[in-house]
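Colleague: Construct the entire structure; sequences and hints are all you get.
In order, the protein sequences belong to chains A and B.
This note's numbering numbers the first residue of the first sequence as 35 and each following residue consecutively.
This note's numbering numbers the first residue of the second sequence as 119 and each following residue consecutively.
The hints are simulated quantities; they were obtained by calculation from the structure and are not laboratory data.
Any given hint might turn out to be false.
As the list claims (entries may be wrong) - With a Cα cut of at most 20 Å, we get these calculated DMTMM-like pairs of lysine to aspartate or glutamate:
no. : chain 1 : residue 1 : chain 2 : residue 2
1   : B       : K334      : B       : D294
2   : A       : K90       : B       : D164
3   : B       : K473      : B       : D219
4   : A       : K90       : B       : D325
5   : B       : K285      : B       : D315
6   : A       : K90       : B       : D167
7   : B       : K314      : B       : E365
8   : B       : K434      : B       : E176
9   : B       : K141      : A       : D89
10  : A       : K90       : B       : E175
11  : B       : K121      : A       : D89
12  : B       : K121      : A       : D212
13  : B       : K473      : B       : D325
14  : B       : K285      : B       : E349
15  : A       : K90       : B       : D169
For clarity, every value in this text was computed on a predicted model and none was experimentally measured.
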Amino acid sequence: MQRSNSLLAKIYLVLIFLILYAPIVYLIVYSFNSGGTMNEFTGFTMEHYQNLFADKRLLSIVLDTLLVALLSAFVATVIGTAGAIYIYSVRRPKQREHLMSGNNLLMVMPDVIIGASFLILFTYILPVPLGFWSVLLSHIAFNIPIVVLMVLPRLYAMNPSMLLAAEDLGASFGQILDRVILPNISSGILTGFFMALTYSLDDFAVTFFVTGGGFTTLAVEVYSRARRGVSLEINALSTLMFLLSLVLVVLYYSIQMRDARSNKGGRSHA
Amino acid sequence: MRKLLQATGIILVASALLLLMQKWLMPTAAPVAGANNTIYFYNWGDYIDPDILAQFEEETGYRVVYETFDSNEAMMTKVAQGGTPYDLIVPSEYTIEMMRDEGLLMPLDHSKIVGLENLDPRFMDQAFDPGNEYSIPYFWGTLGIIYDTRKYSPEDVAQWRNLWEPKFKNDILIYDGARESLGIGLLANGHSLNTKDDAILHKVARDLTGFMANVKGILADEIKMYLVQEEVGVGITFSGEAAMALEENENLAYHLPAEGSNIWFDNLAIPASAQNPEGAYALINYLLEPEIAAQNADYIWYSSPNQAAYDLIDPKAREDEMLYPDDEEIARLEAFQDLGQETTILYNDLFLELKLAP
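Modeller: Take a look at the structure:
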């Protein structure tokens, strides 16, 4: 019984992965198609990669997109972590609940509404010209609630006696933060950062409204190219981005594994 | 804590690296002292040969910031909202009317445009912009029928009315647009594409239910792909799309039905909020040069309204009746006009009902 169960589970898993990755594999294969379209595979070529590297505008958009993603995720992580610690520290449950629903409301709000509100904000209220700064600010804004959601559970998983003990021993707030809270929630902070990074990378709806002044992101550019049929250059680009994220994920896990192993080693020695 | 600081360092270093790469990739041209030399060009995605912009920058010293949109409505919203620096935009015909009525366009000073006479008089002075006061045509095309020549003969699709015949059952793909789709019914019944009469529109919508029985799907850009792969026998889409499909599959043909059809125009226009109209005129003049217009047409493979460029365009495109139909056929074509909000809503509602009908 146990065996057949695990066999079923394996088949299920393989199936899920097939469904998830088939389109990506398909896309990657066609990035080498000499036919120029996704209709039929006619032969191998590197032409689309050459075109991609010759297309400076597209490459610069990729760099801009990554820059916005990194910076917005970073700032949002700082603000979101501080916000999460504040929400955690609020004593009255009613107030905490209100703060949390305020945070969650931003999560469930349709992107189009958020984007339109930012457009109004930046054109009528705050005199920020549409471009790099407007995109960065709005990405920071929609990334903050995500970070809060990732960090809070780690805070609640902390043993509150540690905080009390630190206070009793005369630690200042800064010391408690530095020695107790941050080390305990660092994995939540990192997860929050990476979630924010991916949100920023693939956001189209909000970004569409606030791009301008020659600044645009990959999502907006690919979408507006789609009217004439997406060229295989985009396939080539997607392939490279997929490989890059694969490398990053592998790197991230190997670092985690190494940390986990060295932690274990340390403890056995003690 | 140390781990977090390390991570912060990595992120900041990565950002700095990205910035450096960006600077290396796109060195910002030294601005000409005192002169406003940046032109913001807001165009459809992939709708100009990028080499042309590079040549223009090199020859004139202007710097072009190229930005793209994917629909007239999106572009209009951005321009109307303000806070955008666009100097040159490319709206389609009915959008010209809407933008003009809202005061979003700058009247063109024809004395500053060199090469206006290069344009084909047939495409000037259209109903959506009399006297070309606000716009000049950039590219144009038609809406027609692509069909599989092995399944159907030219007589089978000679008229829009033929598409009601049962032999097309479940074999037609139509373009997902209220005006394009109701237009088929209007033309088949001998009405104008810009009909505003409620009674006629309701009648036409009822008539179209018979046609919808033959429709397999309502799609957009994918239509050409399905035709190339021979999933369906008939597709109703634009000439530019058709050109791409015909390139891929030699069994396909494109046809403008006898009752007439839609002709569309994408036009160059200067928004009222433009910061650098002088630069916009310089770019317009450059695009009007016959050699440049031909180079652009060869890249985009749509129909150029530039008569002086005609002889320089790739003969394969020039001799293609799909891209450049003869006078007689052009005379039967009609451009969309702005219908006003109420009628637009009625079109959308009727189209939605057609889509929902079993």
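Colleague: Any of the earlier hints contradicted here, and which numbers?
Modeller: As far as the earlier hints go, 3, 4, 5, 7, 8 and 11 are violated by this structure, in ascending order.
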